[in-house]
Amino acid sequence: MINKNNTISRKSELSNKDYKWGFSTDVETELAPKGLSEDIVRLISSKKKEPDWLLEWRLKAFRHWVDLEDKDMEPNWARVQYPRMDFQDIYYYAAPVSKKDKAPNSMEEVDPEMLEAFEKLGIPLNEREKLAGVAVDAVFDSVSIATTFGEKLSEMGIIFCSFTEATQKHPELVKKYLGSVVPYTDNFYASLNSAVFSDGSFAYIPPGVKCPMELMTYFRINTEGSGQFERTLIIADKGSYVSYLEGCTAPMRKTSQLHAAVVELVALDDSEIKYSTIQNWFPGTKDGEGGVYNFVTKRGRAESSAKISWTQVETGSAITWKYPSVILKGDNSVGEFFSVALANNHQQADTGTKMIHIGRNTKSTIVSKGISAGKGSNTYRGGVQIMPTAENATNHTQCDSLLIGDQCGAHTVPYIQVRNPSAKLEHEASTSKVSDDQLFYLMSRGLSEEEAHHMIITGWSRDVIKELPFEFAIEASQLLKVSLEGAVG
Amino acid sequence: MLKISDLHVGLTADNNVKILKGIDLDVPSGEVHAIMGPNGGGKSTFANVLMGRPDYQITTGTIEFKGESILDLPPDARAHLGIFMAFQYPVEIPGVRPFQFLKAALDSRADATGQKKLSAREFTKRFDEKVVQVGINANLIKRSLNEGFSGGEKKRNEILQLEILQPVLAIMDETDSGLDVDALKIVAEGVNSQRSPDRSFLIVTHYQRLLNYIKPDRVHILVDGKIVETGGPELAVKVEKSGYKEYLT
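So the protein sequences, as listed, match chains W and H. Under the working numbering, think of the first position of the first sequence as 1, with each following residue one higher. Under the working numbering, think of the first position of the second sequence as 1, with each following residue one higher.
Extracted from the complex, chain W is given alone in its bound form (with noise of 0.2 Å):
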């Protein structure tokens, strides 16, 4: 039997000042048992209250789930070690309780230690936000928190709410499209995500309509040995546009935090879809204990003359494994791919993406700038495919690596098919170290080392991070050098 009030306080740990996003915050958490069964879904669904349809579309998900663990089918073509993970020592549920033992309705009933903990997060969830100009989600542990300037957009017939609420509200857009873009047997951890997903957010932009503000989702695990499995799903309709950002933190835990989400995103007929990710999941001690394994499925399909662009900074998790992607269905759609990979101490990333070319005119751009230090180990995997419909198309791939310290590893892995003779394909890659002499140059105008070194990596990071919105852009300078303290000099 499954006990539904197992509710666990949690008290925080935290010495490590490295992090500085490791606090853990003490609210009462609502969690099911440790492991995964049918129950546990069946559990999980009951209390999003959803739709038969969708318990059916887990439990299919869970059996094809549970078949691929048992012929061993969990992924171990990428560049990354870590321990086996035990599947059953995870809890696939956990709920911050509020005090009326009911989701909050508005911001005076989410729990106060919560607001606490997103004002050190530096989430402005009140009336700041305004100026700010951003709408969060907020997803804590599973549940999402609260959705400012819902009103505000749904006069414009926007849709932006948790998934859970979308499930009750706007359960035709849902069956829709949820699965469209990454079925629940596209892979492993999809399957395990469809199965057992707790909630993420959901987004819908009308016909023609432009979405007047950033929409923004901050994604943070506080539970210890909890998983989190969100579920994003994005649909612009035809002739619309909207810039999403994701953003994600996790305190300090000496054990591995397994995180296993997907992203789908679906662009009709000329519509565009900016979606930026600053990804500081908590990298792992520096001797590499703990640390978030992040390992994630993000795919678009653009329709036709529609654009979809990804851009990320990626500067956390113990363990990065994550290739959004684009599948180029529409002709003349357009897919585009920035990236920086910042892997320090222990960290692994095997990172990139697949641009998968269908229609014709349709056009790639990938730009992926890795970043290895200390013990790092960073690996671009990316694929272009050029179907045999797609006439005319056009990649171009430019891979960058950069290296600090002589214990780190690079590595490039494009993998490029090509049926159909008309594309036209670009791959430019380097590898470099920082130079003496860039150095010299700067500390002789007056800035200190790290100031230099902290300049001359963002300035190489340059042309991914200025397609960063403002903030954002900042936010990620300062992330990238806050990771690499220590690493320099």
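By construction, these hints were calculated from the structure, which means they are not laboratory data. All figures in this text were calculated on a predicted structure; none of them were measured in a lab. Careful: at least some of the hints might be erroneous.
Keeping only pairs whose Cα atoms sit at most 27 Å apart, straight-line, the calculated DSSO-like set for lysine-lysine is [claimed, not checked]:
1. K466(W) / K103(H)
2. K103(H) / K481(W)
3. K3(H) / K18(H)
4. K481(W) / K117(H)
5. K433(W) / K103(H)
6. K481(W) / K142(H)
7. K142(H) / K433(W)
8. K116(H) / K481(W)
9. K21(H) / K226(H)
10. K466(W) / K117(H)
11. K466(W) / K142(H)
12. K125(H) / K466(W)
Starting from the known structure of chain W, arrange chain H on it as the hints suggest.
Chain H only, in chain W's frame:
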């Protein structure tokens, strides 16, 4: 201002390579001194050692700036004291914009010396004025530091930095090499306009022609790691006529 005694310098990587072999030099406040000499004589090494380049190791001797030894100071600390070097070969730094870089440099110095930082508005004003004064292409200066700059543009950019940072001691390391006459005049104007009783210049050059535009107080001939002759401006004219042959044995 600058006082150097018996300075011996070798390569950090190979102690057997000796470049400077006992230099004595005194540059009083407000004076302009020229260091001339043949290629390979140690001129550029001398300039870089003053700025604190880690590739060189000082084996003996002292360098005092305003009465204090600067031997143990890293380049940034020397910059904070007001020492500046215009580079012979300014390095390219992708993605770093000159505006942002110079603001950061000024801020670092303000932090180190306890001065008030310039506001973004004040800095922008100063920057824009100096860009026009030095004659740098305004579009170019929006790009990455020195990236895609021609030789002349790189040198102008060094003068721009000199104008903005307003150092107390400016070392010009062959700033004139590879410049056309117009650019040469810009460099000279940059130096001349900044001459003041509180500021000294050390101009390292192979050719006399820059000294047609900048009148030095003293000229030193540096050959094989030693200063072999010192004189007034007429010494520069002399070596221009007869070359460095008489000093080479």
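Now for the hints, and whether the structure bears them out:
1. K466(W) / K103(H): Roughly 19 Å separates the two Cα atoms, so the pair holds.
2. K103(H) / K481(W): holds, 18 Å
3. K3(H) / K18(H): OK: K3(H) and K18(H) at ~21 Å, within 27 Å.
4. K481(W) / K117(H): It holds: about 22 Å lies between the C-alpha atoms, which stays within 27 Å.
5. K433(W) / K103(H): The hint holds at about 25 Å.
6. K481(W) / K142(H): At roughly 23 Å apart (the allowed maximum being 27 Å), K142(H) and K481(W) satisfy the hint.
7. K142(H) / K433(W): Measuring from Cα to Cα gives roughly 24 Å; hence the hint holds.
8. K116(H) / K481(W): holds, 24 Å
9. K21(H) / K226(H): holds, 6 Å
10. K466(W) / K117(H): Holds - the C-alpha atoms of K117(H) and K466(W) are around 26 Å apart, at most 27 Å.
11. K466(W) / K142(H): holds, 14 Å
12. K125(H) / K466(W): holds, 24 Å
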